[in-house]
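With this note's numbering applied, the sequence shown corresponds to residues 179 to 597, in that order.
Hints are supplied without guarantee of correctness; some may be wrong.
[What the hints assert, rightly or not] In silico DSSO-like cross-links for lysine-lysine, where the CA-CA straight-line distance does not exceed 27 Å:
#1 K270 / K374
#2 K333 / K541
#3 K541 / K503
#4 K258 / K374
#5 K333 / K484
[Said to hold, decoys possible] Ranges of calculated distance between the beta carbons of each label pair, as one might list FRET restraints:
#6 E477 / D511: 51 to 61 Å
#7 D511 / K321: 52 to 62 Å
#8 S456 / T533: 34 to 44 Å
#9 R450 / L239: 28 to 38 Å
#10 K270 / D511: 27 to 37 Å
#11 D378 / G351: 18 to 28 Å
#12 E246 / E445: 18 to 28 Å
#13 K321 / G351: 32 to 42 Å
#14 E215 / K499: 16 to 26 Å
FYI, nobody ran anything at the bench for these hints, they're computed from the structure. As the structure is a prediction and not an experimental result, all values here were calculated from the model. The beta-carbon is built from N, C-alpha and C at its ideal position, and this holds for glycine as well.
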Amino acid sequence: MTDFNDYLSYFKEVPKTGVIYVLEQATEMGYRPHLKEWANLGQGAPDTASLTPKKRDKNILIDAENSEYSPVGGDVELRKRIAAYYNTFFRKDSLSKYTYKNVCIAGGGRIALARVIAALGTINLGHFIPDYTAYEELLGVFKEFVSIPILLSDKNCYKISIEELRNEIVGRGLSALLLSNPSNPTGQLIKGDDLKQWIDLSRELRSLMIIDEFYSHYIYDDSKDVSLVSASEFIHDVNHDPVLIINGLSKNWRSPGWRVGWVVGPEEIIERVSSVGSFIDGGAAHPMQKEALNLLSLESVETEAKELQKVFSEKRTYMLKRLKKMGFTIECDPESTFYVWCNISSLPHQINDCTAFFKECLKENVIVVPGIFFDVNPGRRRLKHHSRYNNYIRVSFGPSMDELKVGLDSIQRVINKFK
179 MTDFNDYLSY FKEVPKTGVI YVLEQATEMG YRPHLKEWAN LGQGAPDTAS
229 LTPKKRDKNI LIDAENSEYS PVGGDVELRK RIAAYYNTFF RKDSLSKYTY
279 KNVCIAGGGR IALARVIAAL GTINLGHFIP DYTAYEELLG VFKEFVSIPI
329 LLSDKNCYKI SIEELRNEIV GRGLSALLLS NPSNPTGQLI KGDDLKQWID
379 LSRELRSLMI IDEFYSHYIY DDSKDVSLVS ASEFIHDVNH DPVLIINGLS
429 KNWRSPGWRV GWVVGPEEII ERVSSVGSFI DGGAAHPMQK EALNLLSLES
479 VETEAKELQK VFSEKRTYML KRLKKMGFTI ECDPESTFYV WCNISSLPHQ
529 INDCTAFFKE CLKENVIVVP GIFFDVNPGR RRLKHHSRYN NYIRVSFGPS
579 MDELKVGLDS IQRVINKFK
């Protein structure tokens with residue numbers, strides 16, 4: 179009789195993203211969503227209840243038309259609405275405007291990124307460390323290109339100067355660069371003239387920028403006006419500048435369960451990215467794309483973003499104050515996202531390793547994400563046992579304020595136990 183392991187050997191080991199791993203471990207310890215005695219401060223999603231507009235409290239129409247397959251590039255009306263979003267808020271004075279042909283819809287941000295990555299040819303692609311955990315397997319699964327890490331330092335608040343960036347691109351021969359801006363997990367942000375310089379450099383060197391802008395409405399700059407950030411503001415020609423923007427409903431529109439994401443860029447690239455969807459995923463859910471037209475109302479973008487920034491800024495202030503008081507080292511306060519990147523080196527030695535700290539947190543019914551998951555290492559080509567982030571954790575202030583209080587009280591108990 180053939181042993182099962184013979185069949186198992188046909189499959190490679192596929193690592194889990196940090197959030198999925200910690201949720202599975204917590205579930206084994208008794209965690210269930212909405213249990214009041216638990217707090218999920220590891221979640222990569224915003225609170226969807228307290229800020230949800232009333233227009234979302236409705237039934238979704240499923241009819242004969244949207245029961246058909248959607249076009250693999252996405253519903254044309256939704257693509258037009260997304261193009262209008264960028265033209266309205268970032269390109270009002272630009273002669274070059276996006277059209278629906280500059281937009282590709284996919285079933286969430288990871289699928290959107292997977293389409294882009296799958297369409298890349300034999301090139302060198304740079305990526306930063308630390309960065310979003312899901313990049314690791316996406317950059318390792320497709321073998322056409324070589325992924326090259328660029329280390330960011332806490333000394334510079336996990337930012338890189340334009341001169342250093344030029345040296346990296348030219349010196350390493352990078353045809354493309356992948357980054358999250360705003361950054362997950364550090365919460366740092368490239369904006370204004372700095373962002374303009376990045377796009378100018380991309381145009382000059384003809385190096386493709388693939389920019390994940392999923393947190394671009396979560397900006398904390400003490401401005402009385404609403405703050406929105408996008409690289410699209412600094413693009414000269416939407417069909418010539420080598421910039422791809424990835425975004426979706428999950429974070430900025432607080433609708434992770436809808437699984438609607440998109441890629442915006444030059445028409446010829448978008449055509450190829452859309453074609454990839456014909457064999458990778460087949461297209462996003464048609465009824466959710468139709469409903470997304472209501473959610474993406476241009477009239478409500480600034481109002482909802484301003485409310486979001488007010489509420490999340492209050493949670494950010496509360497969390498930073500409590501974490502610092504507990505003894506965490508916050509090297510750089512987050513300028514964006516809803517995460518705090520914490521150095522735990524100064525905690526008692528029993529819990530200043532991220533894995534040990536995570537396990538002790540589970541015993542107190544609170545979830546955090548160990549820092550090692552953000553040490554993006556595609557294909558495990560770098561040393562496995564020497565992560566720079568063994569002494570870091572990511573803590574989310576995405577949940578409601580009530581849940582934050584429960585979670586931070588639990589973390590305080592963990593620390594008190596080892597003082």
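Assessment of proposed distance window 32 to 42 Å (beta carbons of K321, G351): violated, 18 Å
Just tell me: holds or violated, for the beta carbon distance of D378 and G351 against 18 to 28 Å? holds, 20 Å
Cβ distance range 27 to 37 Å for K270 and D511, holds or violated: Because 31 Å falls inside the window, the suggested range holds.
For K270 and K374, compute the direct alpha-carbon distance and say whether it is at most 27 Å. holds, 16 Å
Restraint status (C-alpha distance of K333 to K484 at most 27 Å): Violated. K333 to K484 sits at ~31 Å, over the 27 Å cutoff.
Are K541 and K503 close enough, with their CA atoms no more than 27 Å apart? Status holds; Cα separation ~22 Å.
Assessment of proposed distance window 52 to 62 Å (beta carbons of D511, K321): violated, 39 Å
Kindly confirm whether 16 to 26 Å is satisfied by the beta carbon distance between E215 and K499. Roughly 24 Å apart at Cβ, these two residues keep to the hinted range, so it holds.
Is it true that the CA of K333 sits at most 27 Å from the CA of K541? violated, 34 Å
Hinted pair K258 and K374, Cα distance within 27 Å: Since the Cα atoms of K258 and K374 sit roughly 25 Å apart, the hinted pair holds (cutoff 27 Å).
Against the range 51 to 61 Å, how does the distance between the Cβ atoms of E477 and D511 compare: consistent or not? violated, 33 Å
Go ahead and decide if the range 18 to 28 Å is satisfied by the Cβ distance of E246 to E445. holds, 25 Å
Going down the numbered hints, you'll see the structure goes against 2, 5, 6, 7 and 13, while the others check out.
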